[in-house]
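Q: Listed here are the chains, written in short residue letters.
There are 2 protein chains.
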Amino acid sequence: MRRTKECAEQTREAILDAAETVFFRQGVAATTLSQIAAEAGMTRGAIYWHFENKLELFKAMQDRAHLPKERLFDAGQLLGAEDMLATLLEKTLEVLRLAPTDERGKRVYSILLFRCEYIGEMQEALARMRDSDDDFAVRIERVFARTEETGALSGEWTAKTAANAYCAAVSGLFSQWLKIGDGFDLMAAGRPLLTALFASYRAR
Amino acid sequence: MRRTKECAEQTREAILDAAETVFFRQGVAATTLSQIAAEAGMTRGAIYWHFENKLELFKAMQDRAHLPKERLFDAGQLLGAEDMLATLLEKTLEVLRLAPTDERGKRVYSILLFRCEYIGEMQEALARMRDSDDDFAVRIERVFARTEETGALSGEWTAKTAANAYCAAVSGLFSQWLKIGDGFDLMAAGRPLLTALFASYRAR
DNA sequence: CAGCTAAAATACATGCATGTATGTATAACG
DNA sequence: CGTTATACATACATGCATGTATTTTAGCTG
Chain A
1 MRRTKECAEQ TREAILDAAE TVFFRQGVAA TTLSQIAAEA GMTRGAIYWH
51 FENKLELFKA MQDRAHLPKE RLFDAGQLLG AEDMLATLLE KTLEVLRLAP
101 TDERGKRVYS ILLFRCEYIG EMQEALARMR DSDDDFAVRI ERVFARTEET
151 GALSGEWTAK TAANAYCAAV SGLFSQWLKI GDGFDLMAAG RPLLTALFAS
201 YRAR
Chain B
1 MRRTKECAEQ TREAILDAAE TVFFRQGVAA TTLSQIAAEA GMTRGAIYWH
51 FENKLELFKA MQDRAHLPKE RLFDAGQLLG AEDMLATLLE KTLEVLRLAP
101 TDERGKRVYS ILLFRCEYIG EMQEALARMR DSDDDFAVRI ERVFARTEET
151 GALSGEWTAK TAANAYCAAV SGLFSQWLKI GDGFDLMAAG RPLLTALFAS
201 YRAR
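From first to last, the protein sequence lines are chains A and B. As numbered in the UniProt record's numbering, the first sequence has no gaps in its residue numbers, which increase by one up to the final residue, 204. As numbered in the UniProt record's numbering, the second sequence has no gaps in its residue numbers, which increase by one up to the final residue, 204.
Just to be clear, a hint being listed does not mean it is correct.
Intra- or inter-copy, both count: the list cannot distinguish identical chains.
To be verified - Keeping only pairs whose Cα atoms sit at most 30 angstroms apart, straight-line, the calculated DSSO-like set for lysine-lysine is:
#1 LYS91 <-> LYS5
#2 LYS5 <-> LYS59
#3 LYS91 <-> LYS59
#4 LYS54 <-> LYS160
#5 LYS5 <-> LYS54
#6 LYS179 <-> LYS5
#7 LYS106 <-> LYS91
#8 LYS179 <-> LYS106
#9 LYS91 <-> LYS179
#10 LYS54 <-> LYS91
The hints are simulated quantities; they were obtained by calculation from the structure and are not laboratory data.
Throw the hints in and build the complete structure from the sequences for me.
A: The following block contains the structure:
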């Protein structure tokens with residue numbers, strides 16, 4: 001029923017909201033377009049008008065939430081800092097602090113982590129997340145490589161193991177937080193964990 | 001076709017093997033029983049003879065692989081040790097060391113983590129994993145609670161945050177390892193990370 | 001006010017996975 | 001050696017999600 005142009009954009013957003021809700025509740029594969037339409041108070045017709053299919057809808061939802069990593073990290077900024085490790089620690093803690101305030105990011109990230117199969121028809125959409133992860137890991141490793149060059153990295157670590165441990169710690173914190181919910185205080189567990197880890201990077 | 005009894009058990013195992021393979025390749029939700037049957041060189045009839053449906057097949061596969069956590073940790077053993085933290089660190093490192101040798105556990109755990117939606121029709125099967133996770137977390141927290149009572153836990157930590165950080169670190173290590181594959185040396189990243197974390201638990 | 005088109009709703013065709021019913025060959029058993 | 005239950009394969013019915021075609025409604029334009 002041909003509403004105004006702003007109205008159409010509004011229903012597009014409503015469809016994306018509904019998709020987030022139903023994907024979160026039922027998982028991606030188990031969710032049908034009818035269910036999303038019903039959640040949004042419409043029919044599948046509206047969805048097919050705005051999106052080509054479920055995959056494109058999923059990717060649109062993914063795009064709408066800028067994941068925390070992309071929000072704060074800038075490799076150039078890190079590589080330029082005088083104390084790279086201190087800056088990385090500081091930035092990471094800031095991400096941990098801000099994460100709980102981003103409801104949408106939280107829900108979408110939770111869908112990507114726990115409510116979506118990593119392969120199958122969603123391969124393309126998930127490849128983008130994996131690429132973003134890889135890209136992130138590479139940039140982190142570059143930071144540690146530079147740190148190693150300056151002799152500021154403890155002999156216990158190499159650039160690769162240091163980057164791997166950092167990524168494991170951060171991703172572990174986020175997934176446990178998303179999995180457990182309110183019982184998990186991201187900062188309370190994350191700050192001492194990362195502090196200890198970064199102290200170890202420096203120890204001679 | 002009525003083969004001998006051992007033959008039947010053999011095809012049951014073959015079906016489970018095929019399920020692991022196809023689940024790993026395509027994800028759980030995207031896998032049909034026909035595909036599993038084809039991979040095993042049979043028809044769906046064989047599957048429906050041995051298993052009630054896909055969910056029961058999945059649970060059987062889950063049961064066949066004893067996950068690493070259940071393999072090594074025994075809370076009673078830990079609580080009885082004279083130096084609980086040292087024992088926990090030691091046991092954890094042993095798990096990290098042995099994990100790469102368990103091909104089946106690795107594949108099944110990878111399915112549970114990355115190739116299976118956390119909710120939906122598989123709810124029941126996945127609830128078992130979540131219960132096991134919760135149970136594990138509770139036992140770990142109990143260890144840290146005892147440590148705290150004896151005054152051996154640094155003031156920086158509480159039993160809860162310490163347990164959370166431990167679980168985050170371990171689960172982060174495992175998921176990164178499973179996600180990245182050969183590029184991730186579990187021990188090389190895990191040993192210094194956990195050493196640093198446990199040193200922090202002790203610091204006064 | 002008529003006509004056009006954007007924004008949906010509705011209707012329809014197709015495919016496919018599931019579950020179940022039935023068929024069948026053979027091992028086990030008396 | 002005949003019977004029976006086992007271990008499957010095959011055939012069939014059902015439901016349901018998808019994609020597309022068609023229709024309806026209402027803004028916009030002249």
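Q: For a quick check of understanding: which of the numbered hints are violated here, in increasing order?
A: Hints 1, 4, 6, 10 not satisfied by this model.
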